[in-house]
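Under full-length UniProt numbering, the residues of the sequence shown are numbered 1 to 183, in order.
Take these hints with a grain of salt, some might be off.
In silico EDC-like links for lysine to aspartate or glutamate, alpha-carbon gap of 20 Å or less [what the hints assert, rightly or not]:
| hint | residue 1 | residue 2 |
| --- | --- | --- |
| 1 | Lys64 | Asp83 |
| 2 | Lys44 | Asp79 |
| 3 | Lys64 | Asp79 |
Beta-carbon label-pair distances, calculated as ranges [as the list claims (entries may be wrong)]:
| hint | residue 1 | residue 2 | range |
| --- | --- | --- | --- |
| 4 | Glu145 | Ala120 | 17 to 23 Å |
| 5 | Glu145 | Asp83 | 21 to 27 Å |
| 6 | Gly77 | Gly166 | 18 to 24 Å |
| 7 | Ala9 | Glu127 | 21 to 27 Å |
| 8 | Asp38 | Gly78 | 35 to 41 Å |
| 9 | Ala121 | Ser16 | 38 to 44 Å |
Hint data in this document are derived by calculation from the structure and do not stem from the laboratory.
It should be emphasised that the depicted structure is a prediction, and the values quoted were computed from it without experimental measurement.
Even glycine gets a Cβ: it sits at the ideal position worked out from N, Cα and C.
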Amino acid sequence: MGHLGKAMAEAGIDSSSVTVVALTHAHGDHINGLLMPDGQRAFKNLCKIVIGEDAVQEFLAEPKLAEFRSLLAPINGGDRLADHLLSVAIPGHAPGHMGYLLSTNEDDILFCGDLIHVPAAQFARPELTWAYDEDELLARTSRRELLQEAARARTGLAGAHLGRPGIGRIVEEGRGYAFVPAG
Numbered sequence: 001m002g003h004l005g006k007a008m009a010e011a012g013i014d015s016s017s018v019t020v021v022a023l024t025h026a027h028g029d030h031i032n033g034l035l036m037p038d039g040q041r042a043f044k045n046l047c048k049i050v051i052g053e054d055a056v057q058e059f060l061a062e063p064k065l066a067e068f069r070s071l072l073a074p075i076n077g078g079d080r081l082a083d084h085l086l087s088v089a090i091p092g093h094a095p096g097h098m099g100y101l102l103s104t105n106e107d108d109i110l111f112c113g114d115l116i117h118v119p120a121a122q123f124a125r126p127e128l129t130w131a132y133d134e135d136e137l138l139a140r141t142s143r144r145e146l147l148q149e150a151a152r153a154r155t156g157l158a159g160a161h162l163g164r165p166g167i168g169r170i171v172e173e174g175r176g177y178a179f180v181p182a183g
């Protein structure tokens, strides 16, 4: 948490070039990236924030983010955001929890938000839940289904809590899965 600016700089991305942000959900470790530690906007040219419709109320409850309210663009799972970008509902962790599936001519990658919190445990045992999953049964079901599909389709997975590099592939291993980091 708190490494977005550094990671973007390492990737050669100028924060002023960011005009749209797609949030996976409205938990603080995700929405607080809209602001710098000094309270300034992280993306000075931001004009749209995509967020799951069911996450809007939680976002609006954050007083320090009031300046962003007019930028919210609520979505639902299955909404096409761009030619190669589709929203994917990932229910269970938080209201309106969304993933984003980027499809290219070569590969697909699912930005999965908080589908996985504890990689060392939850890939091998996807039935394990986390204290922050609001609906444990639904989170467990979402995790199992998405990991099964990602392994079957060889879809890449990127997540907030996967550790560096935060992106890789899923393979079946025993009764669960293993994460193979990219690179």
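Each hint, compared with the structure:
| no. | hint | verdict |
| --- | --- | --- |
| 1 | Lys64 to Asp83 | 33 Å, violated |
| 2 | Lys44 to Asp79 | 26 Å, violated |
| 3 | Lys64 to Asp79 | 28 Å, violated |
| 4 | Glu145 to Ala120: 17 to 23 Å | 21 Å, holds |
| 5 | Glu145 to Asp83: 21 to 27 Å | 26 Å, holds |
| 6 | Gly77 to Gly166: 18 to 24 Å | 22 Å, holds |
| 7 | Ala9 to Glu127: 21 to 27 Å | 38 Å, violated |
| 8 | Asp38 to Gly78: 35 to 41 Å | 38 Å, holds |
| 9 | Ala121 to Ser16: 38 to 44 Å | 39 Å, holds |
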